[in-house]
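Mind docking chain W on chain A? Use the hints.
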Amino acid sequence: MIPLHHYLILSSVLFCIGIYGALTRRNAVAILMAIELMLNAVNINLVAFARYVTPMKIQGQIFAVFVMTVAAAEAVVGLALIIAIYRARDTIFMDKIDLMKW
Amino acid sequence: MTLSFYCLEIIILFSALKVVTNRNIFHCGLYLAVCLFGIAGLYVLLNAELLAAVQVLIYVGGVVVLILFAVMLTKNVTGHGILQANEQARAVFLASALLLFLMLKAWKQAKPLLPEFPPSETTVLSQTPSAIGQQFITTYVLPFEVASAVLLVAMLGAIIFLKRGE
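Chains A and W, in that order, give the protein sequences.
The opening position of the first sequence corresponds to residue 1 in my numbering, with each subsequent residue numbered one higher.
The opening position of the second sequence corresponds to residue 103 in my numbering, with each subsequent residue numbered one higher.
Careful: at least some of the hints might be erroneous.
Said to hold, decoys possible - Okay, the calculated bits of chain A under chain W, using three or more residues with CB under 8 Å as the criterion:
| hint | stretch |
| --- | --- |
| 1 | 1 to 12 |
| 2 | 44 to 56 |
| 3 | 92 to 100 |
For the record, the hints were derived by calculation from the structure and aren't laboratory data.
The C-beta atom is built at its ideal place from N, Cα and C for all residues, glycine as well.
Here chain A stands alone, though its shape is the one from the complex (with noise of 0.2 Å):
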């Protein structure tokens, strides 16, 4: 069998390598796919918790829906919003979108 701390261990080194693409790549597509690996991250570990600590119960995996829910439409925002930004400025690297900054 497989003890839990192997998937808690899965997880967090998904959500660190998620953290280190969302800080570091400049291309804005590539930024929400690792916005997607640190929610698929959290997902795996709701699942788990639910199968190992309470199984009769279920909520666990009825909060993992809801995340797979608002990552879906904060995905199709952002991918509008990217698209938008390329129909203006010709260009979607997050260093050279930098209009606001100080």
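Only chain W this time, still in chain A's reference frame:
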């Protein structure tokens, strides 16, 4: 079962690393699809079959396809002169390593309080999709309706952002 877990873990971590480090943005999207498939396999191991199906349908079949469309619509040159990481890369690597270290420390503290091995299969809820559906209709009906409103607003927002001209 242990073997399948380790295979899925290797697939997930390898493709996640490729997502954040690859130069070709289209390949990053494909690696993300592989990673999400691996996570769906993990859900099957955790007796969350409905969640695995929803993951494949919505994440791989919806979000990743949308991301690939956006990659193709915002075409940029993927040559060797284009950097894929900005100048904060080293600091962010140290910060995320520190965060991982803190998370593992927190896990070590919580370890005596958590069950080590899963309860046996017979005590697990056997009909997960119908149980989730019942909870959505009875206990969680308000978040369910709010989530539908969120999806509607997201669709409208995306359409408004992408309208051309006045």
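Status of each hint after checking the structure:
Coverage of the stretch 1 to 12 of chain A by chain W holds [criterion: at least 3 residues with CB-CB distance below 8 Å; count 11]. Check on the stretch 44 to 56 of chain A: 9 of its residues sit with their Cβ under 8 Å from a Cβ of chain W, so the three-residue criterion for coverage holds. Counting residues of the stretch 92 to 100 of chain A whose C-beta lies closer than 8 Å to any C-beta of chain W gives 4; at least three are required, and the coverage claim holds.
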